Amino acid sequence: MKKTYLRQSFDTGIIFGIVHIFCVLIAFNAMLGSLLAKIVNVTSSLTSPAVGALIAYAVILGLWAGIASALRQRELSDGKRLLASLVTGSSSGLLAAVLVGIFQLMLILNINPRDYLTNLSLPFMQACLYSLPGLLGILANFFTFLISAFVGGLLVVGWNLHGFASIRHQINNAPKNWIAKLRSGSAKKQLIQKYVFYALLFVLIAILPLEWGSYWNYVIGTVGLYVIMGLGLNIIVGLSGQLVLGYIAFFAIGAYTMALLNAPIPHNLMWGFWPALVLAILLAALAGFLLGLPLMRLRGDYLAIVTLGFGEIIRILLNSDLLTSFSGGPRGVQGIHGPTIFGQVFSDVNYMYLIILAVALAMYVYNRLQHSRTGRAWLAIREDETVARATGVNTNKYKLLALVIGAGFAGLAGAISAAMNQFIGPGDQSLMASINVLCEIIVGGMGNIPGTLLGAFALKGLPELLREVENFRMLAFGALLVAMMILRPEGLIPSQRPTLELPEETPPATSSTLTDAAKIKPPEENPHD
Amino acid sequence: MTENIIECREVTKIFGGLTAVNKVDVFVPKSSIFSIIGPNGAGKTTLFNCISGFYTPEHGEVYFEGEPLRGKTTDAIASMGISRTYQNIRLFSNLTTIENVLVGQHHRLRETWVDAILNTRRYQTEEKASIQEGVRWLNFVGLQGLGNTPARSMPYGAQRRLEIARALGSNPKLLLLDEPTAGMNPQETLEMTALIRRLRDEFGITIILIEHDMHVVMGISDHIAVLDFGLKIADGTPKEIQANPRVIEAYLGPGGAALAKKYSRNK
Amino acid sequence: MHHSPTKSIARKAVIAIMTADIPHDLKKKGNQLLKLIRPLLGGIVGLFLIYRLYVILIVEHPYGPDTWTRLLIAGLILGGVYSLIAIGYTLVYGILFMINFAHGDVMMLGAFGGYFVFEALNALKVGIDAKSNFLNVYPYYSIIIAFIVGMTVAALTGYFLEKIAYRPLRKAPRLVPLISAIGASIFLENAVELLFSPQLRNYTNPDILHRGSGWTIVINHSNVIVPYTGVFSFLLSAILLVIVYTIVRKTRLGRAMRAVALDKKTAALMGVDVDSTISQTFILSGALAGAAGVMFGIHNGLIYYYTGFIPGIKAFTAAVLGGIGNLPGAMLGGMFLGIVESVGPAALGIDFQLKDVLAFVILILVLIFKPSGLLGESLAEEKL
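Protein chains in written order, with our numbering: chain A, 1 to 529; chain B, 1 to 267; chain C, 1 to 384.
Not one of these hints is a red herring.
Partial list, derived from the structure: chain B residues whose beta carbon lies under 8 Å from chain A:
#, residue
1, ASP75
2, ALA78
3, SER79
4, PHE92
5, THR96
6, GLY104
7, HIS106
8, TRP113
9, GLY147
Using 25 Å as the maximum straight-line C-alpha spacing, the simulated PhoX-like pairs for lysine-lysine come out as follows:
#, chain 1, residue 1, chain 2, residue 2
10, B, LYS23, B, LYS72
11, C, LYS265, C, LYS250
12, C, LYS265, C, LYS163
13, C, LYS370, B, LYS72
14, B, LYS128, A, LYS194
15, A, LYS188, B, LYS128
16, C, LYS370, C, LYS355
17, C, LYS264, C, LYS163
18, B, LYS30, B, LYS72
19, B, LYS239, B, LYS261
20, B, LYS239, B, LYS262
21, C, LYS370, A, LYS397
22, A, LYS397, B, LYS72
23, B, LYS30, B, LYS239
24, C, LYS171, C, LYS265
25, A, LYS189, B, LYS128
26, C, LYS264, C, LYS171
27, C, LYS250, C, LYS264
Treat the hints as calculated values from the structure; they're not laboratory data.
Just so it is clear, the structure is predicted and the values come from calculations on it, not from any experiment.
Glycine residues also receive a C-beta, built at the ideal position from the N, C-alpha and C atoms.
Model the full assembly from the supplied sequences, consistent with the hints where possible.
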């Protein structure tokens, strides 16, 4: 028994140590450090990080290691748990020390690994050694981890295990509980809640775009477009359960429709914003239809790859010389004319209102569909396609319908984006953009509107606020996808079915006006009641 | 004269090298309760799947009210009036109870996505009517007041009954129940048996059952077919089946007939 | 108010289409039409291909036999690489019924592994004069070491990939591990980008495998080079394919793999260690991808963090083409795809830029017309 827990702690430390080595090699420690430094108003760059920042990062990591290790040994006595965190601290510290030991060696031998490991510039390596000479830097790294881990263990033991477990439990369930509270109560109460919420929102929406400047209009506008796309993809993935990876292709079709109909080069058609918008949505929907028609029988994972391929085909074609005369080639289409109001070209405020309108429309349509026979059919398909079909749902038709409507949403977003940015190019239509939208709905919450909003804000808004994180954004996405699937596949805000208004007593038989496929009398009032 | 609602003629289903169902003839009269029994692996669920359109038999035909089912998709078959439940319950777990029943009603409704978006009269009337009827079915199977509960949080017995309610939502002429009393205690079994009887007595629905509980089978069936190793070895009323030595041997093994006679209470 | 008859028909038609609320007899005709779509599509594609091939090969003759030979050689080499990666997909799909989306990145990591080995051995001096580095003094050892390291890195990646991203999700619905795989792929690509920078890296081959050199044969008065790197890749692919086939068909591990692929539960009941078998499958498929990666680096020269993505998808296409789950199918599919990709653009007279499009189009066509692949799937049907 004794052996296993020490071994476990050692292994935990090794894992943290490996993670630490990885973080150092990708300069994550410097990034985190510069974030922390910003809080205390100190400057710290990625290439020459401040020593203090790196120490802060190491302390945090060490604390976490110690806490994790001590928490794991729930059954054991306090002393043993402290020992566990100590062991963890030492093994992770050991790895950290080895790493900076190698750094020191390279510094002494004047080897610059920068050609291979880009982040290891000389100043960087020196900072990792806390700018201490010789063995001191190495020992400092070791002890930072050891001490922080020990402190972590002390925190766990001192503050009593239950404190942490219940905090974690609360954090885990907070959104669930909070939402359950919001959603509890009669259907009528929910309706009133909804109206109040929307009224407040309306006031905010009316005022903010005029006040907060064009930068924010641009950022929130982009977030809005991502919300539209998130809702569209949610219809396909969240409601009907079809994983589609080339979603950005429909965005591209919508955007290029707007672009090619409203820019001087290459065609100089100048059809105007609104007709082009309608056409953009229709063409995107048509593309969804044509793509989906032969593919409806495919298994989920095949469908994903094929749609990926489709997205890539669109991107390559748009980028190729072959279609340059038609679609502008690698340089894209510039000078797209947007809508005008009272003779004046749309300003960023006008665009903001347009986007708000579009988002409202998208949310409205999504909501109506979600609570309809169509939405239920989609969910049935997602839950169990075989059984849905045997229950009478024409699965092929509904899957196709989801794809068409979802594609239409993307077309809408694309068209507005093209007009707003006055430019569209093939570079934006990459797989990564599709994955961005997918991440948004997976992290935020699959199949519901608040989840999509949360996802869009988190994935588009946050990076704007935290510029330092930009380099690590995609890395974080990847890790986040894996983590979410393992820990919380339904997303941060899980979907919950609505509370329908149900009649209290058994309603009389005559009120049924459904068409009956079978000529059997509907269930009558139970004569025994 | 009751015509047969289901006729299986020489239905044969082969998987790779294994003949799961071998030239089985089954004739199910309208508005009867028909049970299919047999030891494990006899091919009962396979036959069920042939009747409900999940599998297409290699040889032979299945006729529903005279129409062949070959080549029809399962949703078309559902529209014709066949509904089923499943051996290991397959509900739409993340939908609520009432919504499961509403999906059952899906093919009887005509509301489209455009209706939903535009909140047309058709949408409003159909939603209301379908919910009302759905609640009636829920109450009928004994799930009063549980309409808005997520299906996955229902207890086992309730889930079985919900599956039946969902199947009833389609207003079927024929209901296929795959081991409806599996895992139930005697009280629940009695309730389920009563429910099945009511379905036939009050609505004229034909019921085909796969069952292992012999009390249920013998007590409720008008007709029984016995399968063993893919072959139909007996066919008849409960009394006839009980006395059939081949059936007894299928369950108890060779020499079983003699054993059964020795311990039989039916002299 | 006068409505013209055509207007009202048009209105009815639009509403009918939009709501899919089509009257019954029209529906029947529509269904019949839909049933015709696939053969119709097939006919169109077939005719197009025949037409283009006719135009290019018979009418225009833009290329002589020397060019075709060059393209064919390139195709065979490419085919070998694709085959190795395709086998990895097929093995994993057969055993877990999931597409290992991150497989291409496993190949990429193998390529990087080999790259670093060559760089290190290039810098290692074993003699007095400036030119004698380990790489060129002991080229054979260098190559062997590079492959061992590359294959090990890839195999380990495959192992940890399964352990961290796939194993916890074994019981989850199908889409969940797929999304996890996508996340893992993104993570690996970006990790490599952050670690080693986005710049393209140039493989330093040992001199005996100098890129571009090879045996020269004369066809049609023109020198066609049969590259050393290419022959090497092709031979090595063939050897590895034989080894894998033997492992799957003849060894205990292979039997265990096939058993788990057919019926996981029963295999477990029979005493097969399912977890260990799955891990070993990932290790094996990773090793193959790693070898493919090193080969790719040696032959193509330039690698970077995104190198694995497109070959990954193409290899998946090859696996599907041959019938996913079917080992010889993956090999054949890889070869076929390599050759088609090389020779195709020239034979069809389309831009070489679009050769990737060719692979994707093949994928879509295969999945529309024969999703079980050319040699057919050897997987169990969905149990009800």
